[in-house]
Structure formats: structure tokens, C-alpha cells
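Chains as they are written, first to last, in this note's numbering: chain V, 2 to 545; chain C, 76 to 412; chain D, 966 to 1305; chain X, 50 to 402; chain A, 13 to 315.
Think of the hints as simulated: they come from the structure by calculation, not from any bench. You may find that some hints are simply not true.
[Claimed, not checked] Calculated cross-link-like contacts (lysine-lysine; reagent style DSS-like; alpha-carbon spacing at most 27 Å):
1. C:K205 / D:K1215
2. D:K1014 / V:K153
3. A:K202 / V:K391
4. V:K153 / V:K71
5. V:K358 / A:K68
6. V:K335 / V:K495
7. V:K358 / V:K370
8. D:K1014 / C:K229
9. V:K76 / V:K204
10. V:K366 / V:K335
11. D:K1014 / C:K154
12. A:K68 / V:K370
13. V:K391 / V:K358
14. V:K349 / V:K391
15. D:K1057 / V:K163
16. V:K391 / A:K68
17. A:K202 / X:K65
18. V:K391 / V:K370
Predicted, not measured: the structure shown is a model, and the values here were computed from it.
Here is how the chains run, residue by residue.
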Amino acid sequence: ERGADGHVNVIYWQAPSILNPYLSGGTKDVESSSLVIEPLARHDQTGAMVPWLVEDIPTLDNGGLAEDLKSITWKIKPGLLWSDGTPFTSADVVFTYDYCTHPEGGCAQSAKFEGVSAVEALDDLTVKISFADAKPNPYLPFVGAQSPIIQKAQFADCMGTKAPECTSANFGPIGTGPFKVVEFKTNDVISLEANPNYRDPAKPRFATMTFKGGGDAEGAGRAVLETGEFDYAWNLQLAPSVIDQMAAAGKGQAVSAFGTLVERIEVNLTNPSPSLPEGERSTTKHPHPFLSDINVRKALSMAIDRELLVEVGYGRAGRPTCDLVPGPEVYAAKNTSCFAQDIAGANKLLDDAGWVKGGDGIRAKDGVKLSMVYQTSTNAVRQDFQALIKQWWSEIGVAAELKNVSASVFFGGDPGSPDTFQKFYADVEMYANNFDGTDPEAYLSAYTCNKIPRPESQWQGENINRVCDPAYDAMVAELGRTADLEKRRELAVKMNNYLTVDNHYIIGLVDRGRVSAHSNSLGGVVLNTWDSELWNAADWYRVK
Amino acid sequence: MPDGAQPVLDVRGLKTVFRTRGGLIHAVNDVSFSLRPGELLGVVGESGSGKSVTMMSLLGLLPSPPAQNAGGQVMFEGKDLLKVSASELRAVRGGRIGFIFQDPMTSLNPVFTVGYQIMEPLRKHMGLDKERARKRAAELLDLVGIPDAARRLKDYPHQFSGGMRQRVMIAIALACDPKVLIADEPTTALDVTIQAQILELVRDLRQKLGMAIVWITHDLGVIAGIADRVMVMYGGQVVEMAPVKELFARPRHPYTQALLQTIPSLHGPRGDRLRTIDGQPPILRKAPSACPFMSRCRHAVPMCGLENPARRTLTPGHDVACHRAEELAIVREVAHG
Amino acid sequence: MLTFAIRRILLAIPTLIFISLVLFLLLEAAPGDPLADMPLTIPPEVREKIRLAMGLGEPWYVRYVLWLNNFFVTEPLYWVDSVFGTDWAQGKQRILSYQTRSPVFDTISERLPQTLLVVGTGMLVGILIAIPIGVISAYRQYSWFDQLGTFISMIGFSIPTFVTGVVLIVIFAVWIPNSSPFWLPTIYDTTLRVQDWDSFIAQVRQMILPVTVLALYYAAQISRYMRSSMLDNLGQDYVRTARAKGLTEKVVVLIHVLRNSMIPVVTVITLLIPGVFTGAIITETIFKVNGIGQQLLLSLQGNDAPMVMTITFIFAVLIVAFNLIADVLYGLLDPRIRYD
Amino acid sequence: MADPVRKPLVEVDGLKMYFPITAGLFRRKVGDVKAVDDVSFTIYEGETLGLVGESGCGKSTCGRAVLRLYDPTAGSIRIDGTNIATMSQTMLRPMRPAMQMVFQDPQACLNARMTVASIISEPLDEHTKMSKAEKLARVYELMDAVGLNRDFANRYPHEFSGGQRQRIGIARALALNPKFIVCDEPIAALDVSIQAQVVNLLEDLQEKLGLTYLFISHDLSMVRHICDRVAVMYLGRIVEIAPRDTLYQAPLHPYTQALLSAVPEPDPDTETTRQRIILQGDVPSPSNPPKGCNFCTRCPKVMPICREIKPALVEVGPGHRAACHLLDNNTAATAGPTGGNEAPEHIQQGENA
Amino acid sequence: MTDAVTTTSARPPRNQWWDVWDQFKTHKGAMFGTVVFFAVIALIVLGPYIWAVDAKYINIRARDQGMSLTYPLGTDQLGRDMLARVIAGGKTTLAVGLAAMALSMLLGTLVGVLSGFFKRADGALMRLTDLFLALPLLPLLLLMVMLFREPLVMNFGPEMGIFILIVVAIAVTSWMNTARIVRGEVLTIKEREFVLAARSIGTPSRRIITRHILPSVMSPIMVSATLGIANAVITESALSFLGLGFPPDFPTWGRLLQDGMPYINLHPERVLWPALVLSALVLSVNYIGDGLRDALDPRIRGR
Ligand SMILES: Nc1ncnc2c1ncn2[C@@H]1O[C@H](COP(=O)(O)OP(=O)(O)OP(=O)(O)O)[C@@H](O)[C@H]1O
Ligand SMILES: Nc1ncnc2c1ncn2[C@@H]1O[C@H](COP(=O)(O)OP(=O)(O)OP(=O)(O)O)[C@@H](O)[C@H]1O
Ligand SMILES: [Mg+2]
Ligand SMILES: [Mg+2]
Ligand code: NI
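Make a model of the complete structure from these sequences and hints.
Following this line, the structure appears as C-alpha cells:
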């Protein structure tokens, strides 16, 4: 029965700053708002799509998807109400599209609507999305926590430049989700209560929820596992031994699941040397003096003991990987060739390639020393990885100078800063990235020549390694034309292998799962890495 | 000078030492004196001779540590002040015995009004309520010659000039009609014209209130003007004690003699060179076994190094602590002649 | 005194404007991007659009003047409107945070209460501990109490709050089972409203740990000042005068000496007060008090320039203001000092 | 008795030293502390001029201004014929050795962190290029001269008695063989028994080295002992200046008279019988002196004219000048009705001087 | 008529520092502090010879060990020897603390003395101080790191370059209190008679400052300096925390503390030891400061 289980406490150590995912792409904001506003369909914990506000998933079979892949038609469940009691209609869906694609709105999720030519309401409960070109993967708009439906009535006056000024709407969106916002304190806390108009009268089981933000992963884990003050803690990026020790207190348990997030080392194929004139550093004008050599890249990869990295850094929340695309099941390449650490092999490889160890133990060839800068963002686990990897590399005669940059600078796209991951003023850098949903197309398409960050593009672009190979560009184009799932799979694996095990441009390290924790008394938690973690909060209940 | 009356204050064999890092300092050695009612006892001596320490140790006002009483008794109203309880002592301080300190600039608390500071002892010792205490405080200020007294009660010490602050100090000391007033160099920091004002005031007050006063000073001129008897201190000891005229006319201790000769006179014949007392005051590190003045004394004999001369009565009322007091009296007489 | 204050205020205006310019340029020049927080999955073109929507397309001087105008004109208008129900602001654009897209002043005013409560109480408790410790240490200089006090305050000074805080959490929330009455919450509930006795107790309990950490930190500093100030004053002549008046030691020390000793200490405390407004970053983070300090840290990490700019500028204003207040207080407490 | 043949060493003419008082929003100058207000005197080579007066009357300021430790507001200071009143500090530096100062508080004027040797050799460091050994030799010489044991060279000031400290100060002043020394209350902080030593030392040095002193003091008996001429100051002005004996025997200004009568005599017989002039009240603030005669607020012989017009310093005897309307009246009484009219003119001259 | 104090022969003036030392020796707290301080120094300087283990060597198989004979202070989460890390961290921490403190004192004293001594410079310098006081530290540090990190690292190598950067950054943001205290002190000392005496001798201002003013403001400077070391050490740890500090594999005590925090329950010794040495350092420096303050003042020295 709705509200029977009283109160639940959730802690996210990153505090949500806004409840409108269209104005902020931050995970914390997306996930917290997913308690309130919902998309048409979601992915479940296996990555499979499940209808959410619609009757079923449109497919070619059920006719929801046009044969030419140029349109998709969603049928909304009848009788849905917003939390304020007004009916949920296709007009809201259309409005959401208009809202996000308004040219002055600065919508954070506009990529979701890329290629969409029109969104029309066929009737109150039917929405048709048309694409400019055939779209092999049409399940981007309105699927997943990033593109939920917002209420037209509430946001009608918040279009374009007005968007950020609608504070009360942004802080308290009216939704169809299990909870509604009572009070939102930005970067601090959200008080929620059960949505009286939620479609399932028995849900949610909790009458109220406190969604607290702030602090650090350690404190959040402690609050659930050790002190028992909270019921659910998100994303415990902590050393496994620490989590185990906390869990030993017996107040709660850690749960984990895997998605597409891969911790990797990106190899710079261009020369980042500070001696180059500004504007030419890390550009394709100057190939990297030694990382252009595949043997060096391969040796770097071979020297790494990924299993140990997992053990040290992620425990249950990680598994070794050589790949860029570790999931979902259908697209996973499942290479294992790199799992065994092979220092001797790496040494031999380098010896054979003519890199000889000097008196200082560092290899060199033609006066080029294998000495590099290894950067990453500031984060305890990454720093441990850096230290470990640095040592392994030193065993194969490669020197690394470690550098860590505050995450806000590293991931901030400020073209003025020398320390961003895109500018890549280092020889190798380590971070994690993933893709939304279950389709890797956009993700794999990043490594084309035209997406190389360069001064002319204000250093924007996702091709961090500066890979530029017409063959790869061709594969990207082909993937964009292929709708057949099996063919897409083959192509994706090929592309993955091209970037990783074949060329070692990207040295995959750890397939990072998510570890969250919930108290023993919180039932119904199903950790989902393909969507919001809180996707099924309506089903949560108190274990009696 | 009411001779023979019962003394109000009788000090016997007072000894005070300081425990410092460098060892003991015997600042006051066996000082005895008595104060008769209504009498003004002048205390002179060079700087560091123990004048202030003596007076402060009477009332236990020295910081302890390092100061420590090493013996003696201070009889006041039938009780030994060195032995009474802390609360009894507090009743005497400010109530029965008033104290005026040397430096009027620093002896008043800068953050309280003058009125508050005068009223404090009144309320404490006489149990006056606020209103009555204020009235009395105004009377006192008026008494010490501060015009517009009632209004000035609200002023802070820094709004008063040095001379006026000293008057305030006097008012505080007089607040509870003390039997004894101890004034520790009350005019040293003041100008001559202001000093003259204060001296005049004290003469007046003495007549009006009739209390016994101990007046410490460096200035023999002041002593000559107001004292009934004089106690000369040197090296923590009393070296001579005599009625004022007697002392100026017939000083018996070489130190007193030298002291009288060092000061140039305003009117007398102008000598060519001032007489000096050469050498250093003694360092009081050990209990005295010799005459403390020996090293600077022109008349020292071997005897002086062997034994600290005891104080003896030379003529009635005139005590000296010198082995050669009798001879020197004659020497000086001759020199005068 | 009044002219002194006015003079100082007039002098402060150019200083503050200059400070604001320096701050703005600093933030401008500092590396970092407000979009760093967003997932890497958001493509660059979208990011560029978002940046434009935030107003980052304008040159810095335009944004600076805009900020000045907003800070000194628009925001006060809004404030007046909210107090008197007028409509002078007429919907002018306010200073919006990049992160929350909401007016920074709303966020600040939302957070100020808990910061003031927790950090303020921390300081207050710190002062209340420090003063007696300072007084006793000075009065009994070189006694064991004094030595211990010195020792503890040095420890308090040398161990960072992130250590003391966590140690307290481990002791009071982990080792002590949470069924025990001595168990204390470690996560500050900012939604708690004190309505009745129970919620009052809950509020007190959740404040104990952060307040303790802060109090230790402040007490360590202030007790040192207190001690040395007391020592200075205990040696003064007026203390002897007070004793000679027959006052009890209690009155002498607690009225005469303390009052004088407090003069420099009060000004030291006054100068510490601006820190109360900006909160204690580390303590707030550890205990999730989510006050101004934590917001500043978040904004810095998120390169939320309008928020950082506004908070730091308010801080600058407070520093300047409290410097002035300290001087005025000094004049009020110490009658010898008259400014004119 | 000013010997006209003797050469004047220091000539001070119309010296004014005002300290500005600022107030208001913009720190505008609203007035002056007239610490020294139009003072003129001459000191002849080898003589000692005494400067006496109450605390705060401007004695120290006058002494310091004469040495250009302050920049005077107006007036000229001629030392050995050179006007130093407006000279720049760098030009002045070579003149410094000729004029030195001994300070009132022997504790405060010695840097507690320096040894005696380094204190005494500071002037040598500044003005000579002596070697270390030479300097040490000179320091020992100076210490001998002022009667300090050479062993004390590396002790610190606090280890000395007041008199010894003052000797250190005097040794420092003597280091550069000055001609002229301003002694700013050199004995005020000393014990009576030690005062005599210092005064004797000063006299001996004067005799030996032919020094000229400006001796500032408020101890009238000591001034009488050491000085040849005495100037009495009140509230920034000289009220009377005369050869010593004249002044002490026949003081003309009521303030001088009061001052002399206030000095207690160490003689109980005269003390009890003496008639004192007790002045009432305090010295007015130098920032707001009375309109007429500065002394009019306390003067026992005050007349209406005193509250209106500042008397000028007039010659009343050989080398004896005083500023009092009483004296005008005396002269007026003898010089006839015109004298009364002359007075205002005097003032104007005095003001303009 | 001999002086009460007579000695036989004239000794030439001896070095003043001997007197300072003589007095210093008598201060119990200061001697205790010195002993602890030198013990810490000895640990840092001699430690690497006695305990010749590479602080950066990762022995992943031996991670998270408790205290044992092979690992006297245990190992960290990567199996690095904690004792070696404490020793190595001390070197950096102490160097940063001392250097930043020295630089901050230098700046503070310079500004304080100039603004206290020269009336005309006062206004401007005090506004400057206000400005720095009101500046937020974090953006300033971020900016400094961004602007200067690369050039410094290029010229001095990664460790030295960042060392310089951090020292300068800490000093630049912490000199203001010293400046204010020194200014206040200079203002009073300037009015003292011995300064006037120096003027009357003709000593130029710059030598008055060096000879008279500076030694007299030593004791407040000493006090700020002792607090300054603690402050610098703690700021350094905060900087490491923000990723602005030394390279992450480069231990400092602040970083050891940071690193140990998550393990406080599991391996409390990882926090305990760095905290212990850190406190010992700060405490000893404070006591030394106390002793020096007394010893530098001949007036107290005489007692
Ligand atoms: N707190 C103290 N610690 C150690 N010695 C002290 C202390 N107070 C006073 N003395 C010593 O006691 C002796 C007597 O000092 P006292 O103050 O009584 O002298 P005095 O005669 O009053 O001198 P003055 O005329 O300068 O006031 C001196 O030698 C002094 O050094
Ligand atoms: N630097 C200054 N700024 C403002 N006023 C000053 C300054 N120096 C002195 N005065 C004022 O000038 C007047 C004369 O002071 P001065 O020190 O010359 O007096 P004095 O005769 O030497 O007094 P004392 O006998 O106390 O030494 C005093 O009122 C004093 O307050
Ligand atoms: Mg005394
Ligand atoms: Mg003077
Ligand atoms: Ni003579």
C-alpha cells in the first residue's frame, strides 16, 4: 500500500544542483530527477528496453518503427496523471522536444534529439518522432533518465533564454514519477513525498524520502554501512578493503553491477612536447616521437596487470578489460588477450624494436627517450593506479612523470587551460568514459579524423588520441547505415578491436561497475547501470 | 606629634625575599618601625632600597611568587597582618589602611570610570548602596580638590591629567576613612607646581582627618616639608630613624649624610661640585653579614665588613645602624664648623 | 567615532571595487570550465551551446560590468521587493549560478542559516572554552594546567580538522552503537525544523560533532591570545591598586584584569567572524552541513564563477566591514582610544 | 651674564613647532598642537643654557627641533652660523657629529638588544671609517671618559644602574666629538644619589672638551647648579630668560616665581615657614592655548589685559627678558601714559618675529 | 671607592649569539622542543640510511599490512612501506614548512616594516594587505598553479618546480597577519627614544630599520613564524587534497594523512603516525619559538 513503509533516506555524495536534466547533464541531477520525471521507456538492469509511460516498445514487428527507419511512434499508456492531477498527454512529449531543441536554451541533452526532424502528437496518446535520415537506433529520444518528459503547463514560459530563470520549475518539476518534490535545497537536499497520482496505487511504498547530497564517498558509505543513518548510498568509489570493512558492520550491503564505463589509458599519437610552439602542441602536425610506434604502445599495455588493478582499485565493482566497449552483452568484444601481465614479453618486444635501456634504466632509440608524462584527474584510486602502472612501466624501461589535475579543470573544456583531457598536453592520460544507453554507435564514431581536438575547433572533439585513419572513418560510415543487429555487432567489435587490441591506441584497464550500498532494511533495490540507479524506486520497500 | 601614644601600626623585624631564577633576593631585612596616630612618617632611601617592598609586604600586595614573607610581624589593631586570613587582610586593605601608588598614569584601571573605581572600596568595605556610594565618591573627589566632582565621576582616567589622577588615587585611598595611609612616592611623577598642590592638599587632609601617614619619597625637600619623623632605608634595612628636624640637623649615618650633601640647594651657596655617593647599591643576593653601605662608605672600617651594625638608639627618638655613628656625628659637626 | 567610521567606509568603497575586479579577473584567468561536471557523453557542440546560454560568450569586461550592476543594483532591488512587496526589480535578470541556474542569492540565503548556526555555535563554544582556559593558564602561569593547555591547543592547531572530524565520527557514530544514547548523527539534516522538544534535541545532537570540531579549532587559537593578553595585564600596576582596595581575587581577576584583557581578544574574535559566514569548508563537507563553505567548494570545483565571485566578494565585504567593526569596538571597549 | 665677546654657537630665532591635528572625513587639518610657539634664544660657546618648565610645555620638542629631529614649522636655527632649519636630511648628516643629544630616559634611549660597545660605536659606524680595532679602542676611551669600566663593553643596558646607563648615553653622544649637546632631562629618571654623578660628569666633560649644553630639566635646583643662563618655558613659549643668579634671586614672571616657590627645600626649618605660591588648576592644552597670556588661566596676579593680549618678551635687565603685562605696567608706570599704548605693538612684533 | 662589580681584565666583546644560546639552554620547554625537533630532523635526514627502503616501491603483494618487524609501521594500500613514506614525506613537509614560513615572514616583515616605518607607504601597503586578506585562497592558488606550473616544472624539474610553486603559493597567501603585527609593533618602536637617538646620530632610515627596528620586532615575528610552519604544513596537505600539490606518488605528511583517512578504522596507524610526527613537529617548533623569544630579548635573558 502506498506510503505504508514510512520514510527512506538516500545519500548521493555529489549533491544535485538542479532537478531539470535538460539544464544539467550531471549524473547526480539526472538520477535525482528520475524520481520525479520519467521517460517513455527505460533500460532495465540487463540493458533491455522496458516500456515505462507507454504501452510497449515500438519495433518493426509491432509496426511502431517505420520500415525505412525514418520514424517511430510511441503509444502512451492511457490514464496517466501528472502529480498535480492533470492528465499526461502527447502534447507534453512534443513540448519536451520543443523545449530541448530551442536554439537559445542551451539544452544539455540536445544530442538525444540529433537527427530528429519532427515530433508530432498524432492524438492525445500517440507521439510520432520523425528522423531526417534512416535511424538504425531510434531509441534515443525520450528513452532513459536523460530525456524524461516535462510538463508543458509548468515549463511553457521557460523556453529558450528564459529556461534558467524558471527556478521554481527547475527545482520542483511536476512529474509522473513515484515521488514529488516538497522542497529542494540546491546542492544540498531534496525532500520528497509519494506522488498521490502515481499510476500504481500501491506504490511507492515510502511515504516520504530524503535525498541528501554532499560530502564524499567515504562518508556516504559510512552513513549506510556503518552508522546506519541512511538507506541507500550511491557510487561508492572506495578501495574494496574499505568497503568490505564497512560492510562488516552488518548494517547494510554493497551491491554492484556493470555497464559500459571503462577506465582506460589514452595514448597521445601527437607530440605534446612543451618545446613546440603553442598551437602546435598535441596536434597532428607533429606525430608522437615514440608513441607512434605500435611496439611501444603494445609494450605499455602488456606491462599492466589488470587483475591487480581491479583488486586494488575496484574489487567487486571492476573487472579487467582490454576493450573500449565492454557491454552490453550484444556488443561486447570480450577480448582477454591482455589480461596476463607480461613484463618479459614487453621487454623483449621493445628490445626487438630497437629501444635499448640506458644507464638510468630508461630505454631510448635515436636519442628519443621513453620518458613521458602520465596525467589523470585527481582521485584516490586513479592516483594508486598511476603509481602502480608507473612502477610496471619502469620495469620495462619506460619512465613516467605523474601528474594529476583537478577534475574540474581536467574535464572542463576550457580552451585556455593547458590541463584539460582534450588538450592532452601529456603523453598518456587515464580516465573513464562510457556511452548512454546500450548502443555504442556514437561512442565508436568519435575516433574519426574530423573529431580530433585542435586549436581551430577550440580544442573540442572526442577523438582524444588523435587517431586518423580513413579505414576507420569508413567503418564509422558503414555503422551509420547498418540496421541489422548482427551486422552492427560485428562492425562494432571490429571497430573496438581496431582501437584497442590491434593498435593499442586505447589501453583498456578496468570495466568499471557501479558499487552502491543499501541498508539491510531496504528491499527491492535493483542496481541498474543502463539507466538511473533509482529507476525502480517505486518498488523499494522496507524489510520488516 | 602625640608622643607615647599607642602606635597604630607596629612593624617588627619584617623580612621579605624574592625567589627568582637567579636565586633569593633579600629585599627587606629586619625592618622595624612603628607609626603613631596622626603622625606622618617619611621614608627616604635610594631606588631599590626596599621602600616599596616594605610597604607592600605589610599588606601582602607583592606578587607571590616570587615574593615571600620571611619573618617578622605587622601589628595593626591588635592583629598580625602577616598571619591573618585572606579575607581579614582584604578588610584591612583599602578599608583600614589606604594605599597610594607611585605612578598615577598606570595605577588606575583604564577601562573603568573614575567613579566606579572610587566606589568599589566604598561598596565593599562600607557596604554602601550604589547611590550613597556615588554621593560619597563625589564628596571625596571634591575633598581632593577636583572641581565639578559629581560630573567627573563618569570620566575615565585618561581624561584626567597626571596631577588629577594622583588626586583620584588619593581619593580612593581615603575612601573608607582609613586609620593609616601609605603613600608610595605619590608626587615623584608630577611637576613641581602640581606636587606643591598635592602637598598642600595632604597637609589640609591631615588636619581634617587626622590619620597616620607613611610617605615614601626620594625627595628630601618633600620630607623636610611634611614629615614628622623620617626613616632612612638602605639596602633593605633601616639605617636611620629620627624626627625630621633632628635628622636634617644631625644626620648620623654616613649614607644619610652623603644623601643630604648630594642635593644642590635652591637658595644656599652654590658649591662648585656636587658631592656624590660613588659605587653601586648592594645586590641583595645573600642575607646581610656586613654593613650594606660599606663598599660606598667613606668612613668604613674593617669592623663594617664583619658585622652588620644593629640599629641602636643614639638619642631618644633617633636610631642609627652604624658602627661609627657617635664618631661621625662629631666629624660632621666639625666639618660644619 | 562616527566620522571615523564614515571615513573608513568611504575609503573601503574603492578598495572593494578593486577587490571585485581582481576577483573577477582571477576567476576569469583561472582554469576550469563550468561544464566539467557534465558527463563526457555530452558532445562538444552541445557544450558550446550551453556555454553561450550561460552568457559565457560575452567578453569579460561586459560580464564584469553586468555583475557589478547585478550585485549593486538589481539584487538590492529584489531584496527591497521581497521585504516591502514592491516591484522595482521588474523581473530584471539576477545573478544566476552556472550550476543550479538559480539566483545565487537564493542559494546563499538558504544556506546562511545552517552555516551561521553551526559555525557560529562552534565559534561561540570555542570562545566559551578558550576564555576560561586562557584566564586560568595566565593566572597560574607555568602550572600543569597551563602546560597542558598549551599542549592541547598546539595539538588542536596542528591536526587538520579533516582528521579530528573523522576521528570523532568513528568514535561517536561507529564505535558507539546507534542504539546507545551516546551515539551521535554524522550527517547534518538541513531539513530539520525545530518545532518541539524532540526536534530540538535532534538538532542539538546533530550539531554536537561539527560544533566540537570547530570549537576545538577556535578554542586552540583564541585561548593563546587570551593567555598572553591576560599575562600582559596581570603585571600592570592597576591590578595592584585593585588588590590594595581589598577586592577579592575573583573581582580583581574577573572584573579588572579580564575586562582589559578582553580588548585585544575581542578584536581578534571580530576578525575571525567573517570566517563564520563563509563557513568552515572542511568541517561542513565532512558532516554534510552543506552551508556556505561547502557551497563555495562545490562552486569552485564546478567552476561556477558567478557563485564563487559573489560569495568571495561578500566575504571580502565582510572582512572589510569587520575590520572596521573591530576598530570601532576597540574604541568602545578601550575608553583611551578615540577616533576622530 | 651674556658676554658679548663670546661667540654665539646656537642661535634660535622665532622657532615654531606645530604638530597638526587632523579630523573629519577627509583628515583635514583642523588645528595645531603648538608645542613650541615662537621661541628665540642664543647659546654661546662653552656655556650651559637651562630650559625649565612644566611637563608638556614643549621643552623636549624645542630641544629636538633644534637638532632637526623634527622639521620645524617656522623659524631659523643657526648652528655655528649655518641655518639648519630647512636643510635636507642628507645635507644635515655631515653636521650631525657636531650636535648630539642625551636623553631623559636612559633605559628607553638605549636599544635593549645591543651591547654597550655596539651602542657607543653606532655613531662611529655611521660617520667614520675606522677599523674594528680602532673603533673598539675609541669605545674604550669613551667608556673611560664617562667612568664606565671597560669590562662592561659587552653587557646589555638592562644590566646597569640608571646612572651607568646615562653614562652610556653620554658616551654615545661624545663619540664624535660634538660641540653642542642637548641634554633632555638627563637626570630626571635617576636616583638622587646618582644625579649628582651624572651632573658632575657633564660638568667635567664641559670643562675638558669645551662643550656647549642646552640643559633641559624641571629640577630647578639642579639647573641652578649647572647652568649659566636659564630660560623658563610655559606652554610653548619662553616666559622668562635670564642669567642664573638674576633669575633665582629676582624672578619677574609670576610663573617663574610660582615655580621657584614650589620647589621643596631640604631644610625643615625654612620649609615649614616658607610662603608658597600654590598654582591652581592644570596647564591648558597646547592645541588650544588661551587667547591672551598663556599663563592667564593659572596666574595669581592675572589682570583683564592678560586674557586678551599675549605679552611679548621684553628686556627688563641685562640679559634678562620676561614676557608679562605686569612688567609692562611697571615700565608703563615709570615711562608714563604712552607705555600703555606700546604694549600692543610689542605683541605684534612678538607675533611677527 | 670601587665599583661593586669589578672584574679583572677587559674581554673583547663576544658574539651575541652565545648569550642567546646561554639563555635558551635554561628554557626547559625550548630544550625539549629542540630535542624533539632534532629528533624529527634526524629521522628525516638519517632515516633513509638506517631504513633503506624506497618509499615509492610498490610491493602489491604486501599491501595493507599491519605493524610488523619487516614493516615497522605497516604498509599502505599499494604495499608501500609506511616507515619509508613517513621518512620521505617528512623531508618534503619540513622543507615546504620551513621555506614557506621563511618566505612568508620575509614578505610580511618587509611589508610590515615599510608600512609601519614610512608613513607615506602606509596607506597603500595596508590596502594591499586588506586586498590579500579578502582574496579567496583557492582560486588564487588554482590560478598560480595554472600559470606557473609548466614553466617551473620545465626549468626546475617536476619536484623542485612544484616545490617552488607551493612554497610561493603558501607564502603569498599567508604573509598578511605577520605584516599587520609587525606594522603595529614598528609603529610603537618607531616612537621609542632609542630610535630617536639613532636619528640624532644621523643614522639613515634603512640602517635604523636593520639595526634597531628589526631586532626589536623579532619576537612577534618569531611567534608568527612558529605558527607559520604549522600553517604551511597544513596548507600543503590541503593543496595535495585538491590535486594542486606534489605529484601524487610523492609522499608528504599531509598526503599520508589524507591517504590514511579512509582506512582510519581498518588501519588507524596510518593516520596515527603521520599525525603524531606532524604534531611533534609543530609542537616542538612552537616551544622553540617560545624559548627563542625569551632568549632574543636581553631583558628577559638577564633574569
Ligand atoms: N618582583 C620582584 N622580583 C625580584 N626582585 C624584586 C621584585 N620587586 C622588587 N625587587 C627587588 O627588591 C628590592 C627593593 O625594591 P623596591 O621596589 O622596594 O625599591 P624602592 O625603594 O621602592 O625603589 P624606588 O625608589 O625605585 O621605588 C630591589 O632590589 C628590587 O630589585
Ligand atoms: N609627535 C607629536 N605629535 C603631536 N603632539 C606632540 C608630539 N610630540 C609632542 N607633542 C605635544 O607637544 C607638547 C610638548 O611636548 P614636549 O614633549 O616637548 O614637552 P616637555 O616639555 O618635554 O614635557 P616633559 O617634561 O614631560 O618631557 C605636548 O603637549 C605634547 O603632547
Ligand atoms: Mg618604589
Ligand atoms: Mg620632555
Ligand atoms: Ni657646577
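Review point. Within a Cα-Cα threshold of 27 Å, do K391 (chain V) and K358 (chain V) meet the stated pairing?
Key: 16 Å, holds
Practice item. For the pair supplied as a hint, K68 (chain A) and K370 (chain V), confirm whether the alpha-carbon distance does not exceed 27 Å. Key: 22 Å, holds
Review point. K153 (chain V) and K71 (chain V): Cα distance at most 27 Å?
Key: 26 Å, holds
**Study point:** Pair hint K1014 (chain D) and K153 (chain V), alpha-carbon separation not exceeding 27 Å
**Key:** At roughly 23 Å apart (the allowed maximum being 27 Å), K153 (chain V) and K1014 (chain D) satisfy the hint.
Point to revise | K366 (chain V) paired with K335 (chain V) [C-alpha distance capped at 27 Å] | key: Violated. K366 (chain V) to K335 (chain V) sits at ~35 Å, over the 27 Å cutoff.
Practice item. Below or equal to 27 Å on CA atoms is what counts here, so check K205 (chain C) against K1215 (chain D). Key: 20 Å, holds
Exercise for review: Sort out whether K391 (chain V) lies within 27 Å of K202 (chain A), counting only the CA atoms.
Suggested key: With a Cα-Cα distance of about 58 Å, the restraint between K202 (chain A) and K391 (chain V) is violated, given a limit of 27 Å.
Review point. Does the alpha-carbon distance linking K349 (chain V) and K391 (chain V) stay inside the 27 Å limit?
Key: It holds: about 19 Å lies between the C-alpha atoms, which stays within 27 Å.
**Study point:** Satisfaction of hint between K229 (chain C) and K1014 (chain D), Cα-Cα up to 27 Å
**Key:** Status violated; Cα separation ~71 Å.
Practice item. Below or equal to 27 Å on CA atoms is what counts here, so check K358 (chain V) against K370 (chain V). Key: Cα-Cα ~9 Å, so holds.
Review point. Is the Cα-Cα distance between K335 (chain V) and K495 (chain V) 27 Å or less?
Key: Distance ~12 Å between K335 (chain V) and K495 (chain V) Cα, so the pair holds.
Check your understanding: Given the proposed pairing of K391 (chain V) with K370 (chain V), does the C-alpha separation stay at or below 27 Å?
Key -> Holds. K391 (chain V) to K370 (chain V) sits at ~15 Å (cutoff 27 Å).
When each numbered hint is compared with the structure, violations occur for hints 3, 8, 10, 11.
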